[in-house]
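Chains A and B, in that order, give the protein sequences. Residue numbering for the first sequence follows this note's numbering, beginning at 1 and increasing consecutively. Residue numbering for the second sequence follows this note's numbering, beginning at 452 and increasing consecutively.
Treat the hints loosely; a few may be bogus.
[Unchecked claim] Derived BS3-like pairs: lysine-lysine, alpha-carbon spacing no greater than 30 angstroms straight-line:
hint, chain 1, residue 1, chain 2, residue 2
1, A, 173, B, 708
2, A, 145, B, 816
3, B, 816, A, 87
4, B, 730, B, 708
5, A, 87, B, 708
6, A, 145, B, 730
7, B, 730, A, 87
[To be verified] A few chain A residues facing chain B, derived, Cβ under 7 angstroms:
hint, residue
8, 231
9, 235
10, 267
11, 351
12, 361
13, 390
Keep in mind that the hints were calculated from the coordinates and are not lab data. Quick caveat, the model's predicted, so the values are computed rather than measured. Note that the Cβ used here is the ideal one computed from N, Cα and C, for glycine as well.
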Amino acid sequence: MTPDARPERDAAHRLPLEGIRVADITVVWAGPHVTQLLGEWGADIVRVEPVTTIQPYSRGAERISTEAQYRYMGSTGVTMGIPPDFKPGEDPWNRSPSFNAHARNKRSMACDIRLPEGREAFFRLIEQCDVLVENNVPETIERAKITYDVLREVNPQLIMLRMPAYGLSGPYKNYRGFGTHVEGMIGHHLIRTYDDGTPEETGDAYTADAIAGVMGAWAVTAALRHRARTGRGQQIEMPLAEAFLPVIGEYILDYTMNRRRTEQQGNRHPSHAPHGIYPTAGDDQWIAIDVASDEEFGALCGVLGASALATDERFRTAGGRVEHRKALDAAVGEVTRGYDKEKLFHALQAVGVVAGPVHNDVEATRSPQLEARGFFEELTMEGVGTHRYPGIFTKWANTPNWVRTPPAKLGEHNEEIYIDLLGYSRQEYDDLCARGLVGTTYAPEVLRGRD
Amino acid sequence: MTQMLEGIRVLEFATNVAGPFAGKLLADYGAEVLKIEPPTGDPSRNAGPFPDDIPHSEKSGLFLHLNTNKQSMTLNLDTEEGRAIARRLIGHADVVIDDFRPGLLDDYEMHYEAMSAGHPDLIMASITPFGQSGPWRDYAGSEITLQAMGGPLHGNGAPYREPAKLGGYTAHYHAGLATSLAILLARFRVEAGGAGDWIDQSVYEAQAGFRDRRTISLTAAAYSGLSSTRQPPGGRAAMGVRPAIDGYVNIFAGGTKHFDGFLDEIGRPDLKEHPDFGKQVHEYSAEYQQEIEGSYLAWLFETPKLEAVARTQRHGILGGAIMSTEDLVNDPHYRGRGVWETIDHPVAGPLEYPGRQLVLSDSPKAPARPAPLLGAQTVDVLTQLGYDRAALPRLRAQGVI
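With the rest of the complex left out, here is chain A:
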């Protein structure tokens, strides 16, 4: 939302989590997504992160490359770690796309909770927080002695969300994994595999991070409501694996009903055909088409000028189209190949055929629909520049919302948090900085050791 379009919100329509403070010791993707969502709806997010060690896969600082290496990665289509203009700059940890995509509306406080000084600062923060979110391997939290039974002594009303990959108990308790590994372990990777291929061909997705992020914010909000009514906080254990299980609930029921393993789906649908991703004019250009009824099939053939398809006896009924889907897919693809995907999309929608172009990342940033809805927001980070970031994915008719502050740089809010919020004196704060425990850059020996 552009600054001039930001109206005042009246008291009845303030952001729902205004006044809620969240301590954030999350890493990588799923945990930071929880605090992103809580921050977007008004919570004060205080990200606690060390400058005395590098958290892997978080700010990308353990993988600082040269401009030439970033350009090479970009040429191979691996873009997630590429900093603005391919330049690592002097502070590459403030320039990571995967970090900056979630770090808006957050404050960053340098603090190593494993050290006594950091533990004291962290406990002083916990006293002032409503919620703590973490998604570390369980043994990390146990080793740091910051489990819920310890922290509730510090703050009896605390809500603590723990998001291990597989749980705080059980044989996989301390298994390490990204979302993509969790998806394998709960059956989703196999389901999304091409129906005529192997899982090797499907590569990595991180769907479990996306789902756990929203579910974690859901759980925290529900627990806040419970606390408002009962006065009691609690620990929420939400393994990524278990947050994902409902997303494949019908396939689990197919097994428990029929003892049937769900087949590899790829782009197939049990009763729709054609249903898939079809080539269009140009290199790596595609359109998704989803036909349920005979009328839609007739309309598709009409737009494509494919009278041979329309009259083919095999494709006359939905049952026939599903039975002969391979031949149908090939025949449809032969025709769509000649069309521009955007033109074909509008032409098909005009006659009631469900279709949509496959949009790569750059095309998505130019979507007229997202543009009209104001989804992207321009944010300026000092030293990093002004860029358009994905915005807030839910609209409320009477509560206009926008990203309030740009992604937090490492330790950017040290002073206001230590002094104003936690009550450290100027001298105590300066002392922590002088000893390298608080700062805005990683300690030289940490950076030297990264390779």
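Following the hints, put chain B in place on chain A, whose structure we already have.
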């Protein structure tokens, strides 16, 4: 024991996956959810899977799963009296969930402005493919097309063939979850003395804000002007999906700080002496990559997938196995943690479902009630609204319920 969402009254005018999932999450943790179905029922009742593949509107796995803990009432919103009953029910509700096409709430005279007049606490949440505004507002969408346009589908699959969608109804589950979160946030505001609101959730926008790479690659696109692409299988040494003797594993070892432990585990400690050891995985020479891969695949050929995962996890290596739903349901880890819940349904019988996602120390989830039979509560609800039992045959005859 108090459930987290007790006392919240929800009306669900939604079908298939997204809206019902939003309602299910609320119902599972204590809200009272009344599902308003057309007299023919939510279409997901016909979706299956069915026991023994015999279609039955009370035995669809998709419906049974998505509608636990709800009540059901039939109502035909194409009749004037049906809409009048719906408006009265909204007057008693805290939350309304719908998935009507844009404009239909106006046609039904159930628009938020009208419904919230005199009822400022009301929260309505409307889920549509593209949202309530914008040039594509009236376009149709489905799981595969919305993943294609909004989500990271372009990056899924192999580079030499068409992109592949994510399994099942991922986009719609995610959008339903996002809607459920918005509802809780709005309700939290209402209970703190603020106002309700009309929530406009577009599945397309939820996909654009999807943290399955999409927000990250959109940010990367803004930084670099480039799009991510599908990556070739086997491109990274000892990283990614590989065949084991009984299935597949996805282990991230190559180029990581635990790579030395990996080389020990697969019996090639000598490869630590190679000049490429310690480099990032995309910097390995072809010869080094081949040495690693050859030994790794030979090791996997003798190692079951879960054993390969356990042995590499010991070294701190990230990874997992590619499990089937059969593997999953029988796996001792999940079984031991009690994630499956047996729910006895009056028609479908007792079946195992995915149970709680959350282990809560102060407000544990109560045992689930099964999904409702079609219209099971129609009579009760109408009676509470003051209808005489004698009026019911007329309402049925006129197709109102």
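Violated constraints from the hint list, given by number and in increasing order: The structure breaks hints 3, 6, 8, 11; every other hint is satisfied.
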